[in-house]
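So you can see what is in the structure, the chains are spelled out below.
There are 2 protein chains.
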Amino acid sequence: MANRVTLKEIAERMGTSTSTVSKALNNASDISTDLKNSIIETAVKMGYKNRNAFKEDKRKLILFIENMEYKKPSDFGYDIILGFKTQAAKENYTVDILPITPDFQKENHYDSYMMQNGYNASFGVGFSLEDPWMEEFKTSTFPTALLDNIIQGTPNVCNISTDSDEGIELAIEHLIKLGHEKIGFLNGSTNSYISNRRMSAFLKSMSKNHLPIDPALAIYGYFIAEAAPYHVPNLISAGATAIVCGNDLIAKGVIDCLKDMNLKVPEDVSVIGFDDLPMASTLNPPLTTIKQDRVALGVNGYFVLYAMLNNVSQSKSLLRPSLIVRESTAVCKMRIVTEKIVDKDSVMYQNPELFNQRF
Amino acid sequence: MANRVTLKEIAERMGTSTSTVSKALNNASDISTDLKNSIIETAVKMGYKNRNAFKEDKRKLILFIENMEYKKPSDFGYDIILGFKTQAAKENYTVDILPITPDFQKENHYDSYMMQNGYNASFGVGFSLEDPWMEEFKTSTFPTALLDNIIQGTPNVCNISTDSDEGIELAIEHLIKLGHEKIGFLNGSTNSYISNRRMSAFLKSMSKNHLPIDPALAIYGYFIAEAAPYHVPNLISAGATAIVCGNDLIAKGVIDCLKDMNLKVPEDVSVIGFDDLPMASTLNPPLTTIKQDRVALGVNGYFVLYAMLNNVSQSKSLLRPSLIVRESTAVCKMRIVTEKIVDKDSVMYQNPELFNQRF
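Quick note, the sequences are listed as chains A and B, same order. If you read the first sequence in the working numbering, its first letter stands for residue 32, the second for the next number, and so on. If you read the second sequence in the working numbering, its first letter stands for residue 32, the second for the next number, and so on.
If we strip away everything but chain A, and leave its shape as in the complex, we get (with noise of 0.2 Å):
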């Protein structure tokens, strides 16, 4: 991370003097903001870095935030960055907080944001895969950990997320030993990496189990409680005996809907959700679900960034996920005592990826 571009070769590139250049560098008044501003991308390009950037007083991290509740303890976001903020302070670096909009994305390219205000790398929360920063990603020379997304081929960005074939797999043997073999999963929205993974999770855990697939049983949705009335009712009319649900929002309004068409959670219809928020123990009944360590997320933002101002170019780190086994789960009613029927030559059996591409 050692600055090697100079004031003069950014001048030479630019044809104009080191002392403009330094001007722009240092966001002078005496100098235009067009000329500033492409004095900038082009110091960026080059892979000039904020020498203040380096001073030992002046470390400094951001965690972008975006489409993501933080400020209550019982948000999802809250933990998360306190996680990030504790460690990062214990290793003496300042961390800023900024929640971003896809319009101030657009006004302002990434890298030269990081450059201008000095930070050395960022972790982004919250992003969705339309966002204007993830093309910018790609070409990013910041190291910046992603909360959820993935950014292919580029050496400077890694993502964190939660492991979600190992949550998922943890949901379905629970209930496989409860009997169920009728398995909804209401997931998220199509336009997330994470919901995505998840889904591609439970096809395969599935698939593993050697549990036939049935597209009417495994359903894209939003991450929001309102889903759940459109899909809960086709859900049960398909048979499904338990429902696993993209996150624990979706949880709740599953099991609000289940009780509106006189289904008993759990005698009826067992239902797990994903993440734990502490809502989910308040429930009725509480919830089952898979637990994210939130403030293990937020401190692995910093261990993770660490790393790659160390040059270690991580691609992927996932942390362990728990079952957290509460009320909502209970043995299938209607459980099958008969031999298992898996039809192993159906395309959905053999190949769950191929199925999860119809979305």
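Everything hinted at is true.
A partial selection of chain B residues facing chain A, derived with a Cβ cut-off under 8 Å: (1) A327; (2) A338; (3) N341; (4) K347; (5) S348; (6) R351.
Some chain B residues close to chain A (C-beta under 8 Å, calculated; not the full set): (7) Q183; (8) P186; (9) N331; (10) Q345.
If you're looking for bench data, these hints aren't it; they were derived computationally from the structure. This structure is a prediction, so every number in the text was calculated from the model and none was measured. We put the beta carbon where it would ideally sit given N, CA and C, even for glycine.
Position chain B against the provided structure of chain A, taking the given hints into account.
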């Protein structure tokens, strides 16, 4: 990582005195080996940690190495150990390097060995799926990083690898740009986690790039040059114009074997390795290969253990590979100019994972 279990609790569990427990844990001579061992086993099962392991001046890590050369700079393990020791030293951990065997693992229980010798955490390099400790890792209470091995479901063991999917994808994309479609893969042995990951990556990448998968072109062998002669003739008669190899040693064997068959590399057949060992650039022709940054793998061994010692339960930590293009790859002279015919209904095309299970 605080030490919660007391000698008194262990003594009560064992129905013996605190001083006897103290003698056992401090490896005193005036106590029978059998009693000493059973006390240590009990202490470890109860989660007892050696207090010395948590004194600032006694923080100790150990790297266990097996099935891998590491003494010479040209050996695969050399840079891994260098990176691990260097980073750990920077952060005031002392590191011991211990070459081990399956017999050593049978004679020493993993957790007992760690506790008795006051180690905080370990980095395991070169373990095979049959190693006795692979079973013990499943219930270990010590933070453990394993290079190219994975233990499902335990919170204390993390897999460290170079991203196989991304590495193989770089190689396949490079060959496709050169007009190759009949691409063979000569892999390492089946009793290796990473070799299975690379086969899976090859099948996924071929499928993703809409190239047909021919079982005769996706072969398991051994991670040695000597394996090549048994497979290369078959790959060539199956029509391979390019051969991707599970590591650089296999690639060396493939190049020699092709020469014996009077085939020119790269004019007749392109060859790609995996690892970028120092010898790769000295081959004739110099080898195009998927580079693993071995120093970074070692440094990351420390970073993963550091995260786990800070209660961040990582399951997978993958590093970015890069493709080093040298002279062993060239444009396919049999480039097919007519449109590709891909049998999208074939099971092989639809279902690489299933195909993979055939081995």
